[in-house]
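If you use numbering that gives the first Met the number 0, the sequence shown corresponds to residues 0 to 461, in order.
Just so you know, not all the hints are guaranteed correct.
Heads up, simulated SDA-like pairs for lysine to any residue below, C-alpha to C-alpha not over 20 Å straight-line [stated by the list, open to error]:
(1) 164 with 91
(2) 80 with 135
(3) 80 with 96
(4) 187 with 166
If you are wondering where the hints come from, they were derived from the structure by calculation, not from laboratory data.
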Amino acid sequence: MAAKRVKMFEGINKEEYECGDMDRISKLPDFVIHHILSFLPTIDVVRISLLSKRWRHMWYLVPTTNLRDVHFQGDKKECFKKFVDKYLKWRKIGTRYIVDSFITRFTLEMSYHGGKNRVDKWLNSVDKIKLYELDLCITPVYHKKGDFYCLPEATLNAKSLTILKLDGLKMEGPFQLSLPSLKILSLKNIVALNDHSLEDLLANFPFLESLVLQTCKDLSSPRVSSSCLKSFEVQLASHQTIKVEATNLRSLDVWSCCEISLAAACVSLKRLSLFYLEFDDRWFKDLTRGYSFESLTLLECYGWKNISVESRDLKNLVISIRTRPQEEGQVIRIDAPNLVSFTCKTWDVKLYHMSLNFSNLLVCDINIVGCRPYDSNWYVNLVGLLSKISGSKNICLRVDSEKALIFPKNLRSMFRSSLLALEQVKVKSSSPLSKSSDVRDTFYWLSPSLKSFSIEHDRHCY
């Protein structure tokens, strides 16, 4: 068996590893070593097994299997398949002699060129008695419907499974499954899954708490109904409509342009995030009517003209909106007296036409993107922006250049002294600093009672 194992993993150089470092790791308890190795690709775990006699059988005991063909580049794709063949064969043999040799998390990520029987064999060889997480990303090379790997229903009959993530597969109903423990389900780029099949599939998961539904192009107007669902993330096309009926739903993320309808039963919704979505004022009003959100995110949404958010329960607000030329004059009204955290990314220092009402703000993070002429209009609007958020205890300003915050002295006469009541200000500039003292001078002029000020160069501040 030892000779076969050496042949199985030929090409692995024992000298690649620093023995001194590994000796220190060897002093750790076995269960700690197993936990550390569980974060590595399986190919690396097997390589490590050749370090010493103590490590020889270590790879049998690592509870996770992480197989990705990205670790086998170019013409080595066939080597990946042979490696998986032999790894799963010996792993199964190991269960006969090593009591604790079971897999709790299995990940397979590969490009699919055909060979369904081979992949079926891999998945069927995994002992599912203690399998808690199954993550399959099997992407067809040509993306034609006939080229997708069709997942055998028997693969999913694992009663202990709590997390299931499927990407790039073909799934055809009806489904006869039994996954009573499943809590997290992610379906991405699934073909042949129609409305009825999805509803039929979800009916098999009575305790599902989290659902991700992304780019499933054969859906039309599915219904997601669950009494246990708490989190839902959806990304579909503009011609697709989804209806959600979930009494315990607390978090909803909507990406792209799909239509979504929330039933009146979704009374527990507290967190709403809209990403890259086109909507008009009425759609937003209808979607948010009747809900007491605690967290709201609007990321680069467009099409709207005048939106209003009124909530005494709102604690966290994130806004990032790139205004189009034809959409100038947009108005946002925020009435959230108990808001604690406010984050805004803007391409316009005027901050659209924003009306803000929050008196208990603790953290405010403003990201002003891009360079532009820093003329008198810029600085007037900058003062207007700071006045809107001056009630915050802690303000962080992220800018492209420190010049954006150096207030010309010839304009200062236009404003009264002690203009703002800022307490703590942190400035981050993506460009190198050369006039930090001038920026500091500006803020102490704007707010003489300023208690804390700092400025730093951070090229990743955006």
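Tested hints:
Between residue 164 and residue 91 the CA atoms are separated by roughly 23 Å; this puts the pair beyond 20 Å, and the hint is violated. Distance hint between residue 80 and residue 135 is fulfilled; the C-alpha atoms sit about 15 Å from each other, no more than 20 Å. Under the criterion of a C-alpha separation no larger than 20 Å, the hint pairing residue 80 with residue 96 is inconsistent with the structure, at around 25 Å. With a C-alpha separation of about 5 Å, the suggested pair residue 187 and residue 166 falls inside the 20 Å cut-off, and the hint holds.
In summary, the numbered hints that this structure violates are 1, 3.
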